[in-house]
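Here the protein sequences come in this chain order: H and E. Last residue of the first sequence? That's 159 in the working numbering, and every number before it is there in order. Last residue of the second sequence? That's 403 in the working numbering, and every number before it is there in order.
Don't take every hint at face value.
As the list claims (entries may be wrong) - Anything over 12 Å on all C-beta distances counts as not near chain H; from chain E, calculated:
#1 N199
#2 D227
#3 E234
#4 W296
#5 S321
#6 N362
#7 I379
#8 Q392
#9 L394
#10 G400
Unchecked claim - Chain H is faced by these chain E residues, among others (derived, beta-carbon under 10 Å):
#11 T163
#12 D165
#13 Q193
#14 I195
#15 I200
#16 Q207
#17 R209
#18 Q213
#19 A280
#20 Y292
#21 K351
Stated by the list, open to error - Quick look at which bits of chain H chain E covers, simulated, 3 or more residues with Cβ under 8 Å:
#22 24-32
#23 125-135
Please keep in mind that the hints were generated in silico from the structure rather than gathered at the bench. C-beta atoms are modelled at their ideal positions from N, C-alpha and C, and glycine is treated no differently.
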Amino acid sequence: MEKITDTIESIYEILGRVTDPEVPVLTILDLGIVRNVAFKGDELIVTITSTYTGCPAMDMIAANIRMELAAAGYKNVRIEQSIRPAWTTDWMSEAGKEKLKEYGIAPPDKRFTIPEDGVGCPRCGSNNTRLVSEFGSTACKALYQCRDCQEPFDFFKCH
Amino acid sequence: MKATLDYILHLADNALILGQRNAEWCGHGPVLEQDIAISNISLDLIGQARSFYQYAAELKGNGTTEDDLAYLRDERQFRNILLVEQPKGDWAFTTLRQFLFSSYQQLLFQKLTTHDDERLAAISEKTLKEVNYHVRWSSEWVIRLGDGTEESRSRILSALASIWTYTGEMFMPESFETASGIVVTDLETAWKEKIKTSFAEANIDAPENTFMRSGGKKGIHSEHLGFILAEMQYLQRSYPGCEW
Numbered sequence: 001m002e003k004i005t006d007t008i009e010s011i012y013e014i015l016g017r018v019t020d021p022e023v024p025v026l027t028i029l030d031l032g033i034v035r036n037v038a039f040k041g042d043e044l045i046v047t048i049t050s051t052y053t054g055c056p057a058m059d060m061i062a063a064n065i066r067m068e069l070a071a072a073g074y075k076n077v078r079i080e081q082s083i084r085p086a087w088t089t090d091w092m093s094e095a096g097k098e099k100l101k102e103y104g105i106a107p108p109d110k111r112f113t114i115p116e117d118g119v120g121c122p123r124c125g126s127n128n129t130r131l132v133s134e135f136g137s138t139a140c141k142a143l144y145q146c147r148d149c150q151e152p153f154d155f156f157k158c159h
Numbered sequence: 160m161k162a163t164l165d166y167i168l169h170l171a172d173n174a175l176i177l178g179q180r181n182a183e184w185c186g187h188g189p190v191l192e193q194d195i196a197i198s199n200i201s202l203d204l205i206g207q208a209r210s211f212y213q214y215a216a217e218l219k220g221n222g223t224t225e226d227d228l229a230y231l232r233d234e235r236q237f238r239n240i241l242l243v244e245q246p247k248g249d250w251a252f253t254t255l256r257q258f259l260f261s262s263y264q265q266l267l268f269q270k271l272t273t274h275d276d277e278r279l280a281a282i283s284e285k286t287l288k289e290v291n292y293h294v295r296w297s298s299e300w301v302i303r304l305g306d307g308t309e310e311s312r313s314r315i316l317s318a319l320a321s322i323w324t325y326t327g328e329m330f331m332p333e334s335f336e337t338a339s340g341i342v343v344t345d346l347e348t349a350w351k352e353k354i355k356t357s358f359a360e361a362n363i364d365a366p367e368n369t370f371m372r373s374g375g376k377k378g379i380h381s382e383h384l385g386f387i388l389a390e391m392q393y394l395q396r397s398y399p400g401c402e403w
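Could you put the whole structure together from the sequences, leaning on the hints where they help?
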């Protein structure tokens with residue numbers, strides 16, 4: 001039987017279990033890519049937006065949303081993509097930024113909208129770091145190295 | 160004003176073909192970090208192409224999909240400019256082309272962001288954020304190579320000499336552009352100003368009075384497009400509807 005009486009809040013709770021396959025510490029709510037949740041008749045519509053246009057994780061995220069909702073009893077789900085307004089790291093939650101740091105990725109930092117030397121090292125906290133490349137292991141990250149602890153690390157770019 | 164289907168395809172084809180060209184560097188970049196950078200740019204361009212093809216497929220209707228448009232059209236139906244289909248050449252050629260093309264895209268998408276066609280405006284606004292990275296990265300390479308060693312300088316000068324003839328087509332208006340309310344001739348002065356700044360830092364000069372080749376927007380391509388399509392479309396042509 002389709003569940004159609006639940007609240008929007010409970011849907012968000014379920015969506016909070018879906019993580020980014022590339023950065024598994026972040027949920028899609030932390031990332032800020034869920035733009036809307038609505039019931040239309042007996043259909044549940046989830047609107048998401050992509051981080052970068054070519055992000056290969058989007059299809060997998062959509063599939064994982066379906067699976068998580070299906071496990072909770074929601075079978076009639078439509079996933080819509082919105083383009084505008086364009087996704088920005090301003091939509092990332094504070095909790096998400098903390099989780100990134102613990103995971104070893106420097107979170108978006110407004111002082112570095114254009115990546116340059118000095119982003120705080122997520123391991124030792126030093127700002128004596130250098131930009132290795134503006135393009136990292138995924139579209140959303142830049143590659144850095146800490147000059148103090150020598151560790152290479154990713155910086156989640158302000159976008 | 161609603162943009163025409165041909166115009167959206169032109170934007171999509173430019174992005175797809177350059178994305179495919181840049182992808183040829185994957186695993187072959189001069190150093191790992193730059194291999195990753197060019198592959199990332201490639202991915203962004205293919206993402207752009209998808210956004211435009213999805214829109215074009217909706218405009219076309221009759222169940223057309225983005226894949227039909229990318230994989231099942233022939234050479235003469237592609238509307239990309241000649242610049243993007245040229246072989247990747249050496250690192251100087253690839254980065255210089257990226258700089259010239261991304262600088263053009265940056266100006267164009269800034270303009271399209273306020274286009275009356277909301278979907279076109281939305282895609283432009285989104286992709287512009289990525290194009291800004293491409294411009295920055297490629298301009299740094301042009302400067303590094305031009306103002307670098309004797310060898311790097313000779314490479315960038317030779318790339319410039321062979322590429323320049325393909326730059327004029329960006330600013331030659333085609334009927335689908337005019338019909339969509341896009342005046343590409345207006346972009347030329349700003350583009351020249353933009354590239355001059357980086358060229359000055361690189362200590363190189365833009366050639367003058369060069370014969371400008373064109374035809375891509377009309378579907379008349381150089382011999383290189385056929386080969387790239389053969390490689391890119393092979394799987395879908397041989398195994399229609401194949402997915403993984």
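Verification of the hints:
no.	hint	verdict
1	N199	violated (4 Å)
2	D227	holds (18 Å)
3	E234	holds (25 Å)
4	W296	violated (6 Å)
5	S321	holds (26 Å)
6	N362	holds (23 Å)
7	I379	holds (29 Å)
8	Q392	holds (20 Å)
9	L394	holds (18 Å)
10	G400	holds (17 Å)
11	T163	violated (20 Å)
12	D165	violated (21 Å)
13	Q193	holds (7 Å)
14	I195	holds (6 Å)
15	I200	holds (7 Å)
16	Q207	holds (5 Å)
17	R209	holds (7 Å)
18	Q213	holds (9 Å)
19	A280	holds (8 Å)
20	Y292	holds (6 Å)
21	K351	violated (24 Å)
22	24-32	violated (count 0)
23	125-135	holds (count 4)
Hint compliance for this structure: hints 1, 4, 11, 12, 21 and 22 are broken, all remaining hints hold.
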